[in-house]
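Guided by the hints, dock chain B onto chain A, whose structure is given.
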Amino acid sequence: MQELLGQIVVQGLMVGGIYALAAAGLTLIAGVMKIINIAHGELMMLAMYITYFLYTLFGLDPLLSVIVTLPLFFAIGCFLQRFCIERLLTGPPMSVIIFASGLIFFAQNLAATLWSQDFRVLRGYTTVTFELFGLRLTLTRLTILALAIIVTILLYLLLTKTKIGYAIRATSQNVEAAQLMGVNVKFIRVLSFGLGVALAGLAGSLLMTIYYLYPAVGTPFGVVALIVVFLGGAGSVFGALIGGLALGIVEAFTGFYLALELKDIAAYIAFIIILLVRPWGLFGVKE
Amino acid sequence: MAKKLTKFLLLVVCLAALCVIPPFIDDPTIIHILIYTFFFAYYASAWNIVGSYAGQPSLGHAIFFGIGGYTSTILFINYGISPWIGMFVGAVLAAIAALALGFPTFRVRGPFFAFITLAFTLLISLLFVYFHEYTGGATGLPVPLRGDAPHLFQFNSKLPYYYTILAFFCVITFAIYRLERSKFGYYLRAICEDEDAAASVGIYVFKYKMVAAALSGFFTAFLGTFYAQYTRFIDPHEAFGLWRTFQPMLISVLGGPGLWGPLVGAAILTPINESIIMFFGGRYATVGMMLYGLIVMLIMLFMPSGIVGVLKRIYTHFRS
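Protein chains in written order, with numbering that gives the first Met the number 0: chain A, 0 to 286; chain B, 0 to 319.
Keep in mind that a hint or two might mislead.
Not everything, but these chain A residues come out facing chain B in the computed CB check (under 10 Å) [as the list claims (entries may be wrong)]: (1) G90; (2) V95; (3) I103; (4) A106; (5) A110; (6) S115.
Label-pair restraints from in silico Cβ distances [claimed, not checked]: (7) G181(A) x C191(B): 35 to 43 Å; (8) F301(B) x G181(A): 31 to 39 Å; (9) L71(A) x P303(B): 23 to 31 Å; (10) C191(B) x L3(A): 47 to 55 Å; (11) F52(A) x D147(B): 49 to 57 Å; (12) A99(B) x L259(A): 32 to 40 Å; (13) Y211(A) x A174(B): 41 to 49 Å; (14) T138(B) x V184(A): 48 to 56 Å; (15) D147(B) x V276(A): 23 to 31 Å.
These are computed hints drawn from the structure, not numbers from a lab. Using N, Cα and C, we set each Cβ at its ideal position, and we do this for glycine too.
Next comes chain A alone, as it looks inside the complex (with noise of 0.2 Å):
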């Protein structure tokens, strides 16, 4: 019984690594800019295709791939932002996620237009199981973990150790101080944006390894982030990684109790008291 239990916590803390991943690049956006990107799944998605396809035509690891992906995210980012999210950021607080949900859908079918609808796996990527302590563990599982951890430590060290994580901590607490204190605050929202989207693309390369391929798939991740931000607290780098592992581990507990189609039915219910109760989530800053 008591290893039937640490396997399904085990097992939940697997899936809430790349939950934790998923919604790191979130929580920096909506931290800086008060905005969510929902479509941060599909960015994701599209991030799983290009891992997918630089493994199958080269033989790129999938792990080694967010060396190209990475940038490429990051770039997207800047891009997006920079000539896009700028200009609705002044706009009524609805434009950016009617923007956002014009670009799922057109994300979406992009991807179906030009790889179909088919399911997809990396062929041929096999992965090592070994036990320990009587647990059941996988080894890409284990190194996403890893990996969403040294990713939210790298995170909180940028944000408190660095000037330009100063200026990114000054624009999401006051735009017109930190604009008095010689901050561009045009740029540090370029850079953030950059950097969340750059995440996303991590994620999704990460994902690839573990998960099977098709384009809607972008969508129950990203609404898991959504979740995970809430949950955490905008902004808070912990906060998603804490986030994310207690979700991972509630859905694996009402996955195996209630019913599997049920799993999720935790996670709606907590995003909608945090939404009624508190907004900005649970370790957020307060308005």
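Frame of chain A, contents of chain B only:
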């Protein structure tokens, strides 16, 4: 006065043309396009009551759509009740659901309102998959075929469906026309502009939001029944999917605000989408949706007032 009369006459002529011409069109594809144009226009119009007039960007309307479609279909399969009657049962249930949904969610504002209604849509979708004894689960419910049975909302040709959806659209457009000119309509627009200011001049904000939600849900459910009867099928993906969730908001944004915005938005989307499928085949059915996403992005960037807004600007430009 004369301007009002010409407007009215123009409307009558258009409506007469829409009633008289279609029977002479031999191509069922064109009728199909017309059906979907009014279908989407109706959906966006029903959404507009809450989304545009009251300014609450709901992503929960797929719930009312699904309730409408499932209620009439379940009543028909299990009790043999005609969908014409089931449609009204569904509409009443959807109105009740809208009130139940509005009660907690209307406390939340702006983008958070969009997220919380989206969360409810996801939750309801999950429950419809789980309770598969009643709803058919993920595979959905087929509507039993009864041949040409007008009293059961089943027709052999597309034409009767066209007249049904046209009538639906006329009813909702008239209802919104009346709403625009009623006290209630002004309350809603005041709430849309500034909730706190509206409350401070004595408008009971919460109450009028609830009434708007109930009305909007009531109208949306009819469309669910229509969809189930026309495609003879309803499943969680069609009822609560991502596209169904965002559809009315995006059409409304594309068309622009006001009475005719939804029709303009739908009249642009549907023919593009269907003609791409027609010319390039089902393999490229996704191209239309891709273009649509792109158009929404461009509209948000370059003309936030929608196509109606642009047309108005061109019109006033040439007048002066």
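Right, here's what the structure says about each hint:
Interface restraint check: G90(A) against chain B, minimum CB-CB distance 6 Å, threshold 10 Å, status holds. Taking 10 Å as the C-beta contact cut-off toward chain B, the hint placing V95(A) at the interface holds, the least distance being around 8 Å. The closest approach between the C-beta of I103(A) and any C-beta of chain B is roughly 7 Å, which is under the 10 Å cut-off, so the hint is satisfied. Interface restraint check for A106(A): the shortest CB-CB distance to chain B comes to about 7 Å, inside 10 Å, so the restraint holds.
A hinted interface residue such as A110(A) counts as satisfied when its beta carbon comes closer than 10 Å to some beta carbon of chain B; here the least separation is about 9 Å, so the hint holds. With a least beta-carbon distance of about 8 Å to chain B, the hint placing S115(A) at the interface is held under the 10 Å criterion. Restraint check, G181(A) to C191(B): a C-beta distance of roughly 39 Å satisfies the suggested window 35 to 43 Å. Distance hint for F301(B) and G181(A): a CB-CB separation of about 33 Å, consistent with the stated range 31 to 39 Å.
L71(A) and P303(B) have their C-beta atoms about 30 Å apart, which keeps the hinted 23 to 31 Å range intact. Between C191(B) and L3(A) the beta carbon distance is about 54 Å. The supplied range of 47 to 55 Å therefore holds. For the hinted restraint 49 to 57 Å between F52(A) and D147(B), the CB-CB distance of approximately 51 Å keeps it satisfied. For the hinted restraint 32 to 40 Å between A99(B) and L259(A), the CB-CB distance of approximately 28 Å leaves it violated.
Taking the beta carbon of each, Y211(A) and A174(B) are about 46 Å apart, inside 41 to 49 Å as hinted. Judged by the Cβ atoms, the range 48 to 56 Å given for T138(B) and V184(A) holds: they are separated by roughly 52 Å. Separated by about 54 Å at the C-beta atoms, D147(B) and V276(A) break the suggested range of 23 to 31 Å.
Of the numbered hints stated above, those contradicted by the structure are hints 12 and 15, listed in ascending order.
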